[in-house]
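Chemist: Chain by chain, the residues run as shown.
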Amino acid sequence: MIRYVAERLAQAAVIVAFVAAISFALIHLAPGDPFSAAIDNPSINDAIRDRLRAQYGFDRPLPEQFARYIGQLSRGELGWSFSHDRPVRDVLADALPNTLLLMSVALVGSFTLGILIALVQVARRGSATDHVLGGISLFFLSMPDFWFAILALLAFTYWLPIFPVGGAVDPVMHEYMSIGGRIFDRLRHLLLPALTLTLLASASVARYQRAALLDVLPADYIRTARLKGLTEKAILRRHALRNATLPIITMIGLSFPALLTGAVFIERVFAWPGMGYAVVNAIAARDYPLVVGAVIIGSIMVMVGSLLADILYAWADPRIRDE
Amino acid sequence: MAALRVAALLALVACVGTEGPPPKGSGGTLVISTVGDPDILIPPLTSTVQGTQITDLVFDRLAEIGDSLNIVGDVGFTPRLSNQWTWRRDSLSIAFHIDERARWHDGQPVQAKDVRFTFLSYKDTALGSPFAALITNIDSVTTPDSSTAVFWFRSRTPQQFYDAVYPMPIMPEHIWRDIPRSSWRASERAKAPVGSGRFRFVRWTPRQSVELEADPLNYQGAPKLTRAIWSLAPDFNTAVTRFLSGETDFFEGLRSEHVPEVARVSHLRIAKTRGSDYTFAQFNFRDPSNRTRPHSIFGDRELRRALTMALDRNAIVRNVFDTFALPALGPTVRAYQTTDPNLPQIPFNLERARLILDSLEWRDADGDGVREKNGRPLQFRLAVPGSSRARTGMAVLLQEQWRQAGVKVDVEQMDFPAFVNLTRTRAFDVVIGGWHTHPSPGGVRQTWSSMGSRSPTGSNYGAYENPVFDAYVDSALASHDLPTRRALFTRAYEIIIQDAPAIWLAELIPTMGYHSRLQLAPLRPDAWWAHIPEWWIPEDRRLPRDNAPLSTPSSTPSSADSAGRKAP
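These protein sequence lines map, in sequence, to chains A and B. Residue numbers for the first sequence follow my numbering, beginning at 5 and rising by one. Residue numbers for the second sequence follow my numbering, beginning at 166 and rising by one.
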């Protein structure tokens with residue numbers, strides 16, 4: 005197992021390097037540069053922009069810029085963020101924990117909720133409950149992320165003001181709260197974006213899980229379990245569910261990066277200071293180092309998700325473990 | 166959920182300390198909802214509106230411009246760090262006496278050497294301040310004693326006092342002298358500024374908030390508000406919702422669609438001020454593919470005039486901005502004392518525009534609705550940044566109105582950096598641009614004169630050049646007499662309006678929403694935030710957030726940063 009993990013990590017390093025090169029090239033192909041801001045301000049003229057461009061090496065040929073960047077990366081440096089005037093490492097170190105917090109809550113929430121919905125649907129398959137839950141799942145599945153997020157924001161912060169309007173903490177009072185107050189404040193701000201992401205992601209989990217459960221229910225071992233006199237609930241929980249988790253494990257692996265991209269919209273609407281928020285602004289500002297740094301983090305998350313899925317697969321399916 | 170809300174409120178109240186009551190007619194916490202982060206928090210380098218707002222409150226100028234924005238001489242200015250000043254007989258130098266009560270927020274006295282240091286910093290190309298271009302008339306600053314800074318000018322101009330005080334809030338030498346200027350941008354001190362203004366910096370949590378608090382020992386007196394906080398959101402709708410829901414007290418940049426909602430909520434108010442921004446559709450006089458040649462369409466003055474005449478600008482502005490903008494007068498704004506609000510315009514007359522185009526031999530011979538001349542259709546690209554809803558909306562209306570005159574326009578939406586790149590490289594036919602003006606009308610030289618077209622520091626991207634216009638602008642800027650100055654500017658504007666190097670579209674009316682508990686002071690046209698120290702919240706309208714205590718005075722960043730961090 006250790007050798008397998010080591011091999012996968014080596015593959016991941018090559019892929020991450022490749023992704024870094026591609027993203028570096030693509031972002032530099034886009035017109036504009038980091039010094040395009042404030043065109044409406046005549047004080048910031050072309051001479052100043054050119055000077056800044058030279059100061060940061062953007063007047064050099066692209067291959068030279070790339071070689072310099074790779075040199076930096078090899079020393080473990082991700083470069084300098086122009087839009088934040090800070091090292092990229094620091095910007096990502098601020099943003100990543102927030103995204104991971106939001107993602108992990110949403111991931112656990114969406115898979116728990118999705119599997120529960122699927123179990124209820126399968127236990128009452130063909131009934132009105134099954135149809136209603138299926139309809140609700142389809143509704144959330146069809147909903148564009150950003151639109152649902154805006155709707156949730158308006159509904160629960162303005163029309164029915166029970167949650168704060170975005171942000172990770174109360175910008176005014178957080179620093180003046182006790183430890184307990186700060187934790188409560190953070191949870192209060194986390195709840196609505198996490199719930200939004202959970203509802204959006206759980207719909208597809210529910211549909212996949214339901215289909216997987218329906219696939220295994222006609223199997224011989226289920227029939228045997230029934231003949232042994234087990235209740236339908238016990239059959240579903242003990243026998244069907246474990247065998248129907250393989251597609252869901254694949255989904256967990258895929259959901260890692262998918263939640264990251266989904267979080268881009270959620271973070272923007274809820275002003276959640278995570279990776280998505282940072283990256284969208286960085287693309288708009290042509291903050292090349294931050295964009296490439298974020299893509300590297302994203303690709304690492306894909307690798308981790310994929311590796312996690314493989315390990316869970318092996319845990320769930322003895323045949324794969326033996327291989 | 167109601168219980169959750171009550172618990173949250175109790176938790177907040179329990180966690181907040183209280184102080185004794187502030188003096189009557191003062192106190193409260195102002196929370197401003199804003200879109201986006203500041204870039205940096207020192208005056209020579211900030212280029213975002215949030216950064217400017219914050220640094221204007223943390224740092225002081227030698228003197229502050231008045232609400233009338235009179236920049237001729239010194240009559241329109243009030244003392245700040247300098248409590249008195251003396252003009253030399255030939256007016257080529259001004260000696261500023263520093264107020265001896267003035268202190269930096271770390272307790273050090275403000276001295277004349279700080280003024281000289283600030284001037285040298287702004288001029289230093291290693292720093293790369295965008296404001297260096299505004300102080301080119303200042304030759305040097307000397308300090309005959311610790312409380313006198315003498316500005317020496319290259320030439321005598323009506324706005325030399327403005328040149329000395331407006332672009333340069335004073336920076337503390339003792340904080341910055343050990344840091345190479347090329348490293349200021351990367352320094353942690355640029356994110357935790359030490360100034361001398363009535364508010365002092367407390368904290369900046371990137372992408373969340375910036376907090377300032379009252380400097381109770383300030384030489385000008387403590388501000389009336391206890392704290393001012395910028396609540397940052399990346400999304401416009403989120404920022405508006407924060408304001409509408411009462412989480413914040415103030416929001417700048419309300420749009421017309423928010424008016425019914427603001428009107429519905431009894432405690433919300435709207436405030437407007439005179440604007441300092443105007444938008445325009447700028448023609449490129451040079452061929453984008455070969456700049457040595459004139460543009461095949463826009464080199465013709467009569468054609469540009471016909472295109473202007475084909476547009477109902479009043480309808481466009483009304484449609485896009487409702488009452489939140491006025492039709493622009495020209496390359497100026499109404500807030501200037503030198504602007505005649507009755508400047509004659511090229512009138513909307515579609516029939517006449519069609520006749521002019523006919524006379525110029527642009528005719529629709531094949532009946533496809535688009536005019537041609539020598540086989541070439543009257544067709545061009547109109548570039549617009551997709552991030553600006555207003556400019557995109559105007560582009561669509563321009564396209565439609567020009568279509569009725571037989572002109573085919575391809576609207577090209579692009580993201581902002583791409584738009585800037587297209588404009589800078591002069592690779593456009595027409596762009597919908599905008600300028601934010603400073604209190605001096607002299608900025609028109611950089612944006613519309615021949616110098617602005619030819620100089621690398623110029624921003625006249627359409628390359629309009631008319632020496633008569635240039636001469637009137639130069640004469641106006643050299644005039645000390647306001648009526649003469651106004652008359653000369655009026656003549657210059659008349660010339661450029663009739664030459665139609667651009668179609669002057671809209672002059673924006675800054676519209677702010679605020680909570681009725683806020684007691685506002687007048688909003689200055691160039692900087693609505695200038696009088697925030699005079700705002701306050703009555704005691705009976707205060708919320709728990711208004712009672713947070715002042716922190717201990719902010720300290721200088723650690724000596725570990727003394728050498729600064731070098732940006733790559």
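Please keep in mind that the hints were generated in silico from the structure rather than gathered at the bench. Among these hints, one or two may not hold up.
Far from chain A, some chain B residues (derived; all Cβ distances over 12 Å) [to be verified]:
#1 D204
#2 D255
#3 D271
#4 D304
#5 E338
#6 R350
#7 V367
#8 L382
#9 T457
#10 I511
#11 K538
These stretches of chain A come out as covered by chain B in the derived footprint (C-beta under 8 Å, 3 or more residues) [claimed, not checked]:
#12 115-123
#13 167-179
Note that the structure is predicted; figures quoted are calculated from it, not measured. We put the beta carbon where it would ideally sit given N, CA and C, even for glycine.
Chemist: Hint by hint, say whether it matches the structure.
Modeler: Hints and how they fare:
no.	hint	result
1	D204	violated (7 Å)
2	D255	holds (29 Å)
3	D271	holds (21 Å)
4	D304	holds (20 Å)
5	E338	holds (22 Å)
6	R350	violated (6 Å)
7	V367	violated (8 Å)
8	L382	holds (22 Å)
9	T457	holds (19 Å)
10	I511	holds (24 Å)
11	K538	holds (31 Å)
12	115-123	violated (count 0)
13	167-179	holds (count 11)
This entry does not satisfy hints 1, 6, 7, 12, going by the numbered hints stated previously.
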